[in-house]
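Undergrad: Since the structure of chain A is already known, use the hints to place chain B on it.
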Amino acid sequence: MLLQYYMVLSALLFTIGVIGVLVRRNAIIIFMCIEIMLNAANLLFVAFSRELGDSSGQVIVFFVMTVAAAEVAIGLAIIVSVFKNHATVNVDEIKSMKG
Amino acid sequence: MVLLVIFGLVAICSAICVVAFKNPIHSALALILTFFSQAGLFIALGAHFVAAVQVIVYAGAIMVLFLFVIMLLNLGSLQDTARQNISAIKIFVLVLAVLLAIEGITVARYVDQNGGVIKKQSTDVIIQRLKDDFKMSDEDIKHSVEELYGKGTSVSNLTSVQVTGLVHGEMGKTERIGTLLFSKFVLPFEVTSFILIAALIGVISIVNREPQEAA
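Read top to bottom, the protein sequences are chains A and B. Going by this note's numbering, the first sequence opens with residue 1, and the numbers climb by one from there. Going by this note's numbering, the second sequence opens with residue 1001, and the numbers climb by one from there.
Read the hints as simulated data drawn from the structure, not as lab findings. Every residue gets a Cβ at the ideal spot worked out from N, C-alpha and C, and that includes glycine. Watch out, some of these pointers could steer you wrong.
On the chain B side, residues computed to face chain A include the following (Cβ under 10 Å) [stated by the list, open to error]:
#1 A1011
#2 Q1054
#3 V1057
#4 L1099
#5 E1103
#6 T1106
#7 I1141
#8 L1158
#9 V1161
Simulated coverage check for chain B against chain A, where a stretch passes if three residues somewhere in it have a Cβ under 8 Å from a Cβ of chain A [claimed, not checked]:
#10 1015-1022
#11 1036-1047
#12 1066-1072
#13 1143-1150
#14 1168-1174
#15 1192-1199
Pairwise CB distance ranges (calculated) [stated by the list, open to error]:
#16 B/M1001 - A/I74: 15 to 23 Å
#17 B/I1056 - A/S96: 34 to 42 Å
#18 A/I78 - B/G1169: 37 to 45 Å
#19 A/A87 - B/V1064: 19 to 27 Å
Isolated chain A, as found in the complex (with noise of 0.2 Å):
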């Protein structure tokens, strides 16, 4: 029974971050809706782990948190040298590769 309400929770958790990257202009809250949608699969492997008593889930998101560090620290420093070039970080704006 926990289980399925953890599911819930983490398909909640995961909607959210898709309707704000969606909605949302801005570069950088795009990114921040984006960690919203890793974290809630993070949730559902640690909660399959638990259901299925196999540590394997936990090290998994491990690993799921290193490569997303990584990614934020490229993604906030094309985003720095993009704003560099062009004064903005909404997205609607930037658009010199636009054919």
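TA: Same frame as chain A, now just chain B:
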């Protein structure tokens, strides 16, 4: 159970706040609250090491990076030209329905109604697994049983609920995660070091370019 409800509601509310606030710094603070409530959810699930790593890595390093960038770019309250052509409610319902459908099928097919794989096995099998997989000696098992259920509880007379509780307690311990990390998951562990080096090189090479004129 009560921890799940408290931390779950806080997590959902702060996630909605991340999406809804205009000022990026307010969104970042709401995201920090989300990460802390996520750590609370991990503790409710008995994953203590993962909860600590969550606070250290996410709330301690990633959010600091976000706040530095927000403050360096000096954004302030932007006017988001958002919510123009997108109906958030429709997307929300659609994505949530798809996710819950997938999860419902998973639960119906693969998870036992009595509560999972641990409870289906007998006590002896579980104790043997604790000795083999978790590398616990007899004294370790006896010590953990006494910690959880009081002195004088004999290992062979545990009920299935107590044995499940024992496994849940042993599962989230740091020694267990460390053992797995260097035995079963040693290859991903080494690959992770490459990922971190690649991120480092990528960040330095991106940041060191000269700004070009906007086309």
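Undergrad: Confirm or reject each hint.
TA: Evaluation of the provided hints:
1. Here the hint on B/A1011 is kept, as its CB sits about 6 Å from the closest CB of chain A, short of 10 Å.
2. Hint status for B/Q1054 relative to chain A: holds, with the closest Cβ pair at about 7 Å, below 10 Å.
3. For B/V1057, the interface hint holds, the least distance from its beta-carbon to any beta-carbon of chain A being 5 Å, beneath 10 Å.
4. Satisfaction of the interface hint for B/L1099 is found here, the shortest Cβ-Cβ separation to chain A being roughly 4 Å, below the 10 Å cut-off.
5. With a cut of 10 Å, the hint placing B/E1103 at the interface with chain A holds, because the nearest CB-to-CB distance is about 4 Å.
6. For B/T1106, the suggested interface contact is upheld, since its CB lies about 8 Å from the closest CB of chain A, less than 10 Å.
7. Interface restraint check: B/I1141 against chain A, minimum CB-CB distance 15 Å, threshold 10 Å, status violated.
8. Because the closest C-beta pair between B/L1158 and chain A is about 15 Å apart, greater than 10 Å, the hint is violated.
9. About 14 Å separates the beta-carbon of B/V1161 from the nearest beta-carbon of chain A, more than 10 Å, and the hint is not met.
10. As drawn, the segment 1015-1022 of chain B meets chain A at 4 residues by the rule of a beta-carbon pair under 8 Å; at three or more, the given contact holds.
11. Restraint check on the segment 1036-1047 of chain B versus chain A: 6 residues with Cβ-Cβ distances below 8 Å, three needed, restraint holds.
12. Chain A is given as covering the segment 1066-1072 of chain B, and this holds because 4 residues of the stretch bring a CB closer than 8 Å to a CB of that chain, at least three being needed.
13. Requiring three or more residues with a Cβ within less than 8 Å of a Cβ of chain A, the coverage given for the segment 1143-1150 of chain B is violated, as only 0 such residues are present.
14. Check on the segment 1168-1174 of chain B: 3 of its residues sit with their Cβ under 8 Å from a Cβ of chain A, so the three-residue criterion for coverage holds.
15. Here the segment 1192-1199 of chain B counts 5 residues with a CB under 8 Å from a CB of chain A, which clears the bar of 3, and the coverage holds.
16. Roughly 40 Å separates the CB atoms of B/M1001 and A/I74, a value that falls outside the hinted 15 to 23 Å.
17. Between B/I1056 and A/S96 the C-beta distance comes to about 39 Å, which sits within the given range of 34 to 42 Å.
18. Here the CB-CB span from A/I78 to B/G1169 is close to 43 Å, well matched to the stated 37 to 45 Å.
19. For A/A87 paired with B/V1064, a C-beta distance near 25 Å keeps the hint of 19 to 27 Å intact.
Checked against the numbered hints given earlier, the structure breaks hints 7, 8, 9, 13 and 16 and satisfies all the rest.
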